[in-house]
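Student: Residues per chain are reported as follows:
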Amino acid sequence: MSGNNIDGIIEKYRGQPGSLIHALVEIQHENHWLPREVMHQVADALQVPFAQVIQIASFYKAFSLTPKGRHEVHVCTGMTCHLRGAAKLQAKVEEVTGLKDGETDAENRFTFETGACLGSCSIGPELIVDGKHYGRMTPEKVEAVLKQYE
Amino acid sequence: MPKLQSAAELEKFRAEILAKRDPAKPCIAVCAGAACDGMDSAAVAAAFVAEADKLAAKLGDKIEIRTTGCHGYCEKGPNVVVTPGDICYFEVQPADVTEIITATLKGEVVERLVYQDPKSGAKAVHMNEVPFYKHQTRLLIGDNPKIDPMRIDDYLAVGGYSALVKALTTMTPDQVLDEVKKANLRGRGGGGFPAGSKWETTKNAPEKTKYVIVNGHEGESAAFMDRAMLTGNPHKILEGLIIGAYAIGAQKGFMYTRHDMPRLEKHVRAALAQAKEYGLLGTNILGSGFDFECELHFDVGIFVSGESSALMRSIEGNAPEPRPKYIRTSVSGIWDKPSNLNNVETWANVPQIINNGADWFTSIGSEKSKGTKLISLSGNVVNSGIVEVPMGTPLRTLVFDIGGGVRDGKTLKAIHFGGAMGGSIPADLIDAPLDFDGMSKLGAPIGAGGLLLMDEDTDMIEVARYLMDFLVKESCGKCAPCREGMPQMLHILTNMTLGKGKPGDLERLEDIAEVTGAASLCALGKTSPDPLKSMFRYFKPEYEARIVNPAGGSGDTK
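Protein chains in written order, with our numbering: chain A, 1 to 150; chain B, 1 to 558.
These are computed hints drawn from the structure, not numbers from a lab.
It is possible that some hints are incorrect.
[Said to hold, decoys possible] Straight-line distance between alpha carbons at most 27 Å, and here's what the computed DSS-like set of lysine-lysine pairs gives:
#1 B:Lys-20 <-> A:Lys-100
#2 B:Lys-182 <-> B:Lys-368
#3 B:Lys-252 <-> A:Lys-12
Put together the whole structure using the sequences plus the hints.
Tutor: This is the structure:
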């Protein structure tokens, strides 16, 4: 965990209750999840009740309350991807990784999530690993792509 | 860069930028829109830059390489456009780069990379000859290939901020408002509500502090044009926003957009910083005495936060739960102050209305829907991408002339508009014009402008199930009709797709649909049964057949 950066983010928003979401977004981007003690620090620094921090953190899908794997694997389940076969792609990713939507494996290698819509519909269905897009994916190609990520 | 103190200084600066640019110097614009980026256009751009640098060492600076926002023809990315001449190259790979540069310097064309008609084999070299582009009127997105979104100077070079200058120096706020009202600019986010009336409500609201907001949340599935505009030409939207704030009397603006697109964030942040540096944001903008600031906010991943009152709660730092709107957000929005919210595309229309006048704007489009509309064309279509056509254009033009028809030689079964809260119409309504009111009457409101083609194999029950599943996951859960009604509909639809439909299911669906639509708090729940209603209107025999023969579906998905 990059503790210094998190402290920096919290310091930046100290005393600004209205910036709660900004602070949590930055910590999420930096750390990929929100540990409970960090949320306590945020509550203290921004002077908002801890319950409100938890409300926001659990409500918005972008926040994770559990640690993520080293690699974040996404399958777009937007409508075009769906029409073009995203369900089969998702099934294959679930088979290869052994993970269901939202899960992380015991070795912390992958976190698998579905999401919609990522806006690159023209090249759907899509597999996205750590922000890198693999467009026009077929179930057959999944294993080869995921092998590159250890 | 010192702050520009007046309109005259801005125009002088613009003249200097243009004087430094030679229109005859070849420029290679590489698209970095979402789809092209997904096809690794970054590698293509890098190869162009490396090759141009090598060349510059030998011959001097002969060619410009520009990374731009979305060009539109996403299906054939990575896209490259060479000026002068707007020569379009498609599916360009890093290996093609040397050949393109060599040909460009000689004034030649790389024939093998230009558009070729899949049927006739005829080639099209220039943008205005490519079928995908030639039927369009690209007023909003047409500048994208000319602009590096990270450089405000590129926007100034195509006349950017001239509408702001005109508004601030020659028009009163009331005149700006009148022009937008006269133009009959209707909201592009889904409702089609007249932007001028909305502005006027906020303007007349009895509070001094007022806000203006760009809704760039774009959660509608298969709608991707707002992100393309905001990523590819952020200054255009910002200019519209500043002009709107001037007309309304707002001191602060918010750009609310998606958190999951790093490039979008980077471009918007840069645009805001550059506008501030140039004195187009901040205090006393261009010496006019008008002050305006703008902040960036993120949606943090839930569909309902695109709903206006929910969005405003989110900007305040709270959970995005909608509230009843017996008092409109334009009167009482963020921190209970009057807040005028418009969609990205609505704001993008403002500069050209100010520059060219309401009469010009109303000369484009249909009787009650003026101007152009950006459409995200996708689904089972040959040419997917972002399309801009005048309102009133027949769907046939969009689907066949521009879209190239249905993929894999299949037949068109349905056209779906408006994502999960839209509707599907059958193929025989293809001559209907693209029009807010007309499409709503047909049961497929334009929404934000996501148009999907569905081919003959599409299982309409599965489509309804898919859309309902999407909305169930996105509901905020505040009001019972939405929270409880949608899962019940989903349950029945899921059973039907699993071959477990039974007599009475359709009647029950209609019943729940009616109650959910009538009693939900916000538009998400209210319009959640809309796709289903359109299916019952046009595809009921397919639903009835599934009850009679539960196992008759083409499977859960394709």
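Student: Against each hint, give a clear statement of whether it holds in the structure.
Tutor: Hints and how they fare:
no.	hint	result
1	B:Lys-20 <-> A:Lys-100	violated (56 Å)
2	B:Lys-182 <-> B:Lys-368	holds (12 Å)
3	B:Lys-252 <-> A:Lys-12	holds (21 Å)
Hint 1 from the list above is the single one not met by this structure.
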